[in-house]
Amino acid sequence: MGLLIQKSGMLSTIQDLGRYGYRQFGINPNGVMDPAAARLVNLLLGNDENAAVLEMHYPAAQIELRDDHFFAVGGADLGGMLDDKPIDNWRPHRASKGSILRFTSRVSGARAYLAIAGGLELNPWLGSTSTNLAAKVGGLEGRALRTGDIIRTNPPTKDIADRRVSHNLIPHYSRFPTVRVTVGAEYHLLSEAAKQTLVEHDFVISNNSNRMGFRLEGEAIELVEPTELVSSAVNFGTIQLIPGGQLIVLMADQQTTGGYPRIAHVISHDLPLLAQLSAGDRVAFHLVGQEESERIAAAYERELCLFRVGCNFNYR
Amino acid sequence: MNDEIRIFPLGDNALTVEFGNNISRELNSRAVSLSNYFFIDPFPGFVEAVPAYASTSIFFDTLVVRGAFPEHSTAFAAVEAMARSVLESAELSTANTSRLVEIPARFGGDYGPDLALLAERTGLTEDEVVELFTIRAYYVYMLGFLPGFSYMGEVDERIAAPRRDSPRTLVPRGSIGIAGRQTGIYSLDSPGGWQLIGRTDVSMFDPAADEPTYLRTGDDVRFVAI
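Order-wise, the sequence lines are chains A and B. By the numbering used here, the letter at position 273 of the first sequence is numbered 273, and the numbering carries on one by one without gaps. By the numbering used here, the letter at position 10 of the second sequence is numbered 10, and the numbering carries on one by one without gaps.
Among the clues, some could well be false.
[As the list claims (entries may be wrong)] Covered, in the sense of this in silico footprint (three residues per stretch, anywhere, with C-beta under 8 Å from a C-beta of chain A), are these stretches of chain B:
1. 46 to 58
2. 121 to 131
3. 137 to 151
4. 163 to 177
[As the list claims (entries may be wrong)] What follows is a set of in silico ranges between Cβ atoms, one per label pair, in the way DEER data are often shown:
5. 92/B x 136/A: 49 to 57 Å
6. 44/B x 126/A: 19 to 27 Å
7. 70/B x 161/A: 51 to 59 Å
8. 71/B x 224/A: 31 to 39 Å
9. 81/A x 85/B: 52 to 60 Å
10. 206/B x 228/A: 29 to 37 Å
11. 155/A x 180/B: 52 to 60 Å
The hints are simulated quantities; they were obtained by calculation from the structure and are not laboratory data. Remember, it's a predicted structure, so these values are computed and weren't measured experimentally. For glycine and all other residues, C-beta sits at the position ideal for the given N, C-alpha and C.
The whole structure should be built from the sequences, with the hints applied where relevant.
Okay, structure coming up:
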């Protein structure tokens, strides 16, 4: 049982929902950029939502499925084809031994997630299968996939019912999303003009963006007065103000600590919207309160819980 | 003493307890103690804590915390209240758990390509810079930037050095750098802007080890020239 990587694609990595407990040692969580997509494709297949998935960009990997497998794709729509027949995102598909899965065009989004029913057979590092590219550990030998790699798969444990992810669970992806943020510790040091710029102007994702962080291009943001901070922990979604008045949003491979002013944080619920942007796409920010950010997260988890129960019910 | 403590959200699933905004062993030991407290006695939904120079950040599962502490309007408020109660109680031990770690190192030449220039700028000889550097022990304030990268301090004022104007694209693992009055050991091959004065063969990061990082926050480190 396994997947043969016939073409590696650009930066295809194995990820799960992240490696936690080790930030204190400078070991960042890594994990998928779009947690909603990874969770949904896993749940569709009856997998643990934290099961390892393939995160792919465009051009994506071409994969030979070396046995009968159920699989699902979510996140970006990269024009998936199974043996030259188009496949939809967000529903299970059956591949038979020798089937070829490939991705032919960039329809929408930046990162697609492939989950296999039963999951991938990998050795976790510190409790997680996520690839840490900097430390060269986790995932498959701590690196991006290469042509010729074989990823072993576990046998599927359940029959897979044909069902789709309900629309209310799929993030509202767009090439110009409005992303909700909460204030960061140094927000109050922004000038009044800067506070307005943050929510009234839009920002372009720069070429210089990757899994560590998205650099944004836009009108300069200024502090009332310069400030020196000693380094402290940062988070997935932290928006830092860097010298020159530009912004960086820290993403899944963010370093554990930073010393730039933290002016805002993208709410967890909206990180998938950001994760599906590429260079040249735009984003606007909308400020919400702390309580609202938690309410939004809680509401989504309740919906996801219903979906999880529904998926499991089907398999019995 | 707890009056100066600032607690603020770090997104919707974490908060930071800030003890101050300067580098001091006293603030750092409180940060380490608070972090250790929650690792030893976690609350429902606790994910991890991250001690830094003068702060501890606490990461949590928002849903679990909200479910476990419905008397608070937000998970943030619940975790903030727990952190404050720990800080106000006598439970927070600042017992010294630090180790003295000796690290053999070679200085100058290819091992420390910035040593010659640093010496020239300070008016000292290379040997004098190394002497000033190795005579004192450095306290590990935090690990960050890379797995196992240690932020240590403080070096003698005379050999403090600014970051390089243009960072190197590749600093070899084991390199010992100075930035301001901080010193640190690059645990992996990585880009970096600190002034490199030496290098050690001791591996600061070993993914196969039970404890993958060689140093811990709170350790005292002394370099031994070989």
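### residue 92/B versus residue 136/A beta-carbon gap, inside 49 to 57 Å or not
Cβ of residue 92/B to Cβ of residue 136/A: about 38 Å, so the range 49 to 57 Å is violated.
### Query
Could one say that the CB atoms of residue 70/B and residue 161/A fall in the range 51 to 59 Å?
With Cβ atoms ~35 Å apart, the hint is violated.
### Query
Are 3 or more residues of the segment 163 to 177 of chain B near chain A, judged by a Cβ distance of less than 8 Å?
It is violated: at least three residues are needed, and the segment 163 to 177 of chain B offers just 0 whose Cβ sits closer than 8 Å to chain A.
### Task
Report holds or violated for chain A covering the segment 137 to 151 of chain B, Cβ cut-off 8 Å, minimum 3 residues.
n = 9 at 8 Å, threshold three: holds.
### Task
May I ask you to test the hint 29 to 37 Å on the CB atoms belonging to residue 206/B and residue 228/A?
34 Å, holds
### Query
At the C-beta level, are residue 44/B and residue 126/A separated by a distance inside 19 to 27 Å?
22 Å, holds
### Query
For the pair residue 81/A and residue 85/B, does the Cβ-Cβ distance stay inside 52 to 60 Å?
58 Å, holds
### Message
For the hint 52 to 60 Å, verify it against the beta carbon of residue 155/A and that of residue 180/B.
### Response
56 Å, holds
### Task
Mind checking the hinted window 31 to 39 Å against the Cβ distance between residue 71/B and residue 224/A?
37 Å, holds
### Message
Using a Cβ cutoff of 8 Å, are there at least 3 residues of the segment 46 to 58 of chain B near chain A, or does the coverage claim fail?
### Response
That given contact holds, which follows from 10 residues of the segment 46 to 58 of chain B lying within Cβ reach (below 8 Å) of chain A.
### Task
Establish whether the coverage given for the segment 121 to 131 of chain B by chain A is satisfied; the threshold is a Cβ-Cβ distance below 8 Å, and no fewer than three residues must meet it.
violated (count 0)
Of the numbered hints stated above, those contradicted by the structure are hints 2, 4, 5, 7, listed in ascending order.
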